[in-house]
Amino acid sequence: MKAKKLLCVVFSFITALAVTGEIFAAKGRAAALADPVFETLSYPQEALTPFSEEILSRAVGADGYEANRGYDETCLYISPYWSCTAEGRDIPVYATLTYDGTLDGVLQSYAAVFVSDFGDGLTFCLTCSETVLDAEVLPSKLETGCSVRGNNVTLTVTGYGCYCVLVNGRSQKNALTLFGREYVDEEAQIAEYTEMYGADQVQVYEKGYYQKDILETDCKRVIYFCRGSFFSANHLYDLNSEDDYRAIPRQTSFLSLSGSENVTVTGFGTFDFNKLDRKERGPVELSYCKNCTVEGLLILNSPHWTVTLHDCDNLALKEIAVVGYRTNSDAINVCCSKNVKVSDCFARNGDDCYSVKTTAAGLPSEHITFTNCVAWSNKARCYGITGEDNSPINDILFADSAVICHNVTWDLNRVSSLAVQVEYGGAHIKDVVFENIEIHDEIGRPINVMITNSEIKNCVVEGVVFRNITSDGRERSRLAVKQNMNAAEKIRCFLYRILTTLFPFASVREKCSSLLPDGNRVSVTFDNVYINGRKLNQANFGFFFTRSGGEDIRFEN
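Residue numbers for the sequence shown, in the working numbering: 30 to 586.
Honestly, the hints are just simulated from the structure, not real lab data. Mixed in with the good hints there might be a few duds.
What the hints assert, rightly or not - Here are the computed distance ranges between Cβ atoms for each label pair:
| id | residue 1 | residue 2 | range |
| --- | --- | --- | --- |
| 1 | ALA535 | ALA217 | 57 to 65 Å |
| 2 | GLU585 | CYS248 | 49 to 57 Å |
| 3 | SER81 | TYR453 | 39 to 47 Å |
| 4 | ARG199 | ALA389 | 34 to 42 Å |
| 5 | THR114 | THR160 | 13 to 21 Å |
| 6 | THR400 | ASP101 | 35 to 43 Å |
| 7 | GLU539 | SER200 | 45 to 53 Å |
| 8 | GLY492 | ASN368 | 14 to 22 Å |
| 9 | PRO79 | ARG563 | 44 to 52 Å |
| 10 | GLY188 | ILE527 | 46 to 54 Å |
| 11 | LEU162 | ASP547 | 48 to 56 Å |
| 12 | TYR212 | THR398 | 20 to 28 Å |
Stated by the list, open to error - Here are the simulated SDA-like cross-link-like pairs (lysine to any residue), alpha carbons at most 20 Å apart as the crow flies:
| id | residue 1 | residue 2 |
| --- | --- | --- |
| 13 | LYS249 | GLN230 |
| 14 | LYS367 | ALA389 |
| 15 | LYS459 | ASN487 |
| 16 | LYS459 | GLY492 |
| 17 | LYS347 | TYR212 |
| 18 | LYS519 | THR575 |
Just so it is clear, CB atoms sit at the ideal spot from N, CA and C, and this is done for glycine as well.
All chains should be built: construct the whole structure from the sequences, respecting the hints.
Quick look at the structure:
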């Protein structure tokens, strides 16, 4: 009997220990879940160039080969302005050269973290080399506040995205962007690709420093760039003029795919083109490709169009970041392609940021979306149809995106944050929608919809919609069926405007269209558009826009 009681006591004691252990284990698991899990981005020492203030003078607004030449070093520096910690860990902060319309050369600092679990939030403490009076995190849709104490800025991040930190009245001198990316187990992912396609179909670049003329990409299904892989493109030709450029052999882009299908380019590799002269060769080009994905690349100081698609179908571009200062370094140009999705990208470069074009006749661009992107343009345009319109353009969407700054005024009739700009060709443009876009620090024009080239005739631009747009702006935006008109054309446009206002019917617009100069037509709808805090409507339209007079305008909501 005593033995039974003793066994019962022992059993109860063991059970209590087990329950207690499980409780502590559960608390431990809960605590672990509350703590963020992340990795940082770091580079090999060979990738870095010592920074000096003289480097800033290289980034100028001028066009031409001398102003945009290459230098015999990388353009990656340890940021002289910022240091960073998160959850007690040091986060490397790097910087590269970019351009500001008023200060000329400035640095764009950046850090990247790869997060598998944000827990209750990943808290960053940023320390600036200068006194911080105020700070702000953009885009505002991220809803990420911050606090300032002395030289420190503290913010807590709870999701993936590009977090742009600006201090002291949104100064561009010491801006910093935090890239929050999803953590991927690289070894496991490479093994999965290898199992799927075979080792001969998977090209892997481990973390390290690479110097190359171009990347060999033939007959691969996967091209994988591990975190911390850094590529410096070799300088091959001295280019000092357009004659020099025309004299060299046609150059293959650094990473080029032609006629490829079902190829994935992925990882988080960084590509530096600082050594190349202007137009020496482009960084990334896909031509005649189908069902391909390019994601995760960080591209520094491109000398030419940065990521270019030509005659492609069903492509995805994701989480690509482009930073630089050189003219002609358009970030992402989708040309003569269809069924393309561009998402979660960042561009602070020396020309247009996100563009759709038709650079050749007979090859339309259609069914293209840009979503959740960040633009920061100090030389040209941020989002839109930009210049070349040699074949029809149809069903284009720019949505859920932001402009951090647009301080471009060198030609207001050519550059704006949001643009439908016909400069060459004059093919039919239809159903271009700009939706849910926030524009900050607009020094120039927020919006242009214009047929700029006076030689273009019978160009129809219709179905352009601006919906849920907020912007500040110092300059009035513009709509124009023709940029430069003579007195007779202005009178006919005035008559068209009066008649279509008095009789707002499609049949009247059609009958009166013969009054419009050169047969050009432009129709635009504004839906919930705010400029400088005021909702755009018929009554105040003239305060925020100029127009040639022959455009069809509608207001909704």
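Subject >> Structure-inconsistent hints, enumerated in ascending order >> reply: none
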